[in-house]
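K.L.:
Model the full assembly from the supplied sequences, consistent with the hints where possible.
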Amino acid sequence: MLEAVHLTKRYASLPAVQDLSFSLRPGQVLGCLGPNGSGKSTTVKMLSGLLQPTRGTVQFDGHNIQDDLTAYRKHLGYVPEEAHLYPYLSGWEYLEMIGTLRGMPDFELAKKIDSLLELFSLHPHRHATIGTYSKGMRQRILLIAAIMHNPDIFIFDEPLSGLDVTSALIIKNLVQALGLSGKLVFYCSHVLEVVEKICSDVLILRKGVVIAQDSVANIGQILGQSLENTFLHLVDEVDTVTVARDIVDVISMRSRLSAA
Amino acid sequence: MTSPFEIAGHWWNFYRQRPFGRLVELFIARIFRGGGDADAEGLDLGIGLVLTVLAMPGGFVSLLLLDKYGTFAQWLRGLKPFDVLQAALPDEYFFIVLSMVVTGAVAVWRWDAIFPDRRDYINLVPLPIATKTIFSANLVAVVFLAGLVSLDVNAVSCILFPAVVAATQMKFLFFVKFAAIHAVGVLLSSFFSFFAVFSLLGLLMALLPPSAFRRVSAYARGIVVVYLVTLLCTTAAVPSLLRHATGPAPGWTFLLPSCWFLGLCQWMRGRATPAMVELAKLTLPLLLAVIAVAFCVYVAGYRRHFIRIAELTETIAEPRRNPTSHLRLRPLLSRLLRTPFQIACFAFVWKTLRRSETHRLVLTAVAGLGLVLSSQALMNAMDDAPSARQAALSPDALSIPFILTFLIIVGLRVVFEIPVELRANWIFQLMLDPNQPECEALARNVILIFLLPCIFVPAFPLYAYLEGFTVAALHTLLVITWTVLLTNILLVRFRKLPFTCTLPLFKQHSIVILISFVFGFLIYALSTPEFESSALQQPLRMLTLVPVVIAAWLIPHYLEKNTPDIDRKLIFEESPSRTIELLQLGD
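Sequence order for the protein chains is A and B. Per the working numbering, residue 1 is the first one in the first sequence, and the count goes up by one each step. Per the working numbering, residue 1001 is the first one in the second sequence, and the count goes up by one each step.
It cannot be assumed that every hint is accurate.
Restricting the straight-line Cα-Cα distance to at most 20 Å, the calculated cross-link-like pairs of lysine to aspartate or glutamate (EDC-like) are [unchecked claim]: (1) A:K135 to B:D1120; (2) A:K74 to B:D1433; (3) B:K1569 to A:D67; (4) B:K1569 to A:D68; (5) A:K74 to B:E1438; (6) A:K172 to A:E158.
In case anyone wonders, no lab produced these hints; they're calculated from the structure.
P.N.:
Dropping the structure here:
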């Protein structure tokens, strides 16, 4: 089980995440929702051990992950929000490097890389440098790098960004399948429909604080509405329809001024 | 009353409100801050810092010349009649070469940023701006850059050097005349260098298809860098050869543009030999020709590349032929490298060195310097000895592997510090254990696996053929031992994965380190071969080196053992040492 216990992160004196607590059980797919600046990425980085919490702990099977980060990371598959990769390496070389760093045996590594590249439709481009890849192709490389060692914990930060429809559908089904096979999945996204469809539970953050945490079905029933409306009700203080109307007013201002 | 600066400020403010002015400003900034898609991030220095660094060599060298031209120093040396113009000739040549090398290096460094790239295309072309406006704005930015760099590189030396030379003359007119001619020489040579590199870039762009251009571009830059290093190495010998050349200009002087500009300066001073006059006459026509070629190929390259960027954007990753797989070398690497970390990172380091242009350029410059110094040593060895066998045992010939290994080890050590695509290092931050870094071992393995075969393969058979097995074995052993020891010394407290950490900060002891490198070179590459040359006559004398070897082996190990744990931790960011540490007890 993965647990966040009173997690707090401050950048200088600015709090990014405050007193965040939740748990993630095997088989659970926990979606994390929140507007920009709500602390999603900071939470993900603390869960993956990239950031050390200012206060609180992340515990895996009852142990603080900071006590033995290397051991924890062996169980972790992480897909970051942005696909920052080494542009001069080929897709195959990058995956080979990651597999070797993870200590995967040679025969298994080559076989897995080939099969996964084939399944993600990247096999014909495996020897082209990543610099020439499209955003979706880079994203697929990140996904393969995160899953190829069969980890127990998956942390996905906007994994569908830039993917085409087919690849996105594959990933959505994959996430559900991982959950069903008893893995722990933490899934961060802006896309409410995706979270609603593939996650069993949801965590809603606002200004670094958890404002709601429950199963997707229960959250939707808080106001007897869809997840989207519930989310907007909980998180946003703005009337989106009014804002959209105001935007149209502003962009047509010049023509009105000219007419006047 | 309005000052010229205020007028210029108003003028600039007026123009920067217009699209053209804004575009020029944008292109100037992008040339300095980096274009291209790949690894611009690694060396993104501010404009101020770049200009300061470029201006420094001229200023420092001028100050160092105070000793040469100072009247007191002259008096101490007992040199009474002192022809200052004659004495200034080698220094003037040096400044011309320096100006050309620095400006050429800037053009090579900013090679990718001189032409508008895909990012510019995506941002600018959808705007209601004519393509010719974008073209003209970039051209103005390039010309501005050429002028700015030329002025910056030469500004200090144009005042300090004439001031130092004229100090003996006590005549202001002499200073003005000398300074004016010197300024013309160095500025024109700077322009020539910039536009020559620019012409080459434009020519490649105009002639080659984009994919071929990318491949050839890397080699072309390497060749330019080696040429610039060679030019720098001519500063010691060329002035004296030129001064003593009688009759028409020697053929080799036509290959060195620095000679033409020196000829121009001497001709303007009325001190030119016939050879120099001949060279001086080449200067202006060739400068104008280079500028004209640069302009024409710029137009052609622009039409060919910028207009077609949209087509290139649509191109998806092209399948390449299967490169030699790293896995095929795995059995060999597994024997040499002990852990998965070393095996994976060895491949990463090796591929970065091969494929990152910045790193390749720095290494090419170092290798070029090594090549020039080695050729010089070889020529000296051949000149002084009647046969190849005797030449092989001379200190000059023996110094060749020492020169090359020293420069390559130092070059690799420096290159390891230059970051590449820093944002991508998250994967190493995620996967590596900071408390058990093997970075030092990895860096040592990379250096030694690269260097040892390069030493052994040519040195041993060559010396075995020329001098017999014993001499060959002793020489190869000594070079290998020195290589290993130098590598160990340079990697003491190295705790970074190469290319993944931010650039090192300038520290107070950086100058001391620089001076240590110079002294290190003298001991390693000059004194050792001197000793070796005499010791090879009586091989038992080699044993006197044993205590030195033991000390050089033990000291780095002792330092490594006594390093505090906090200084062993793997780092991805260089943090400045703070005078005051905040305890942040409130957090």
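K.L.:
Can you list which hints this structure breaks, lowest number first?
P.N.:
Of the numbered hints given earlier, the structure breaks none, since each of them holds.
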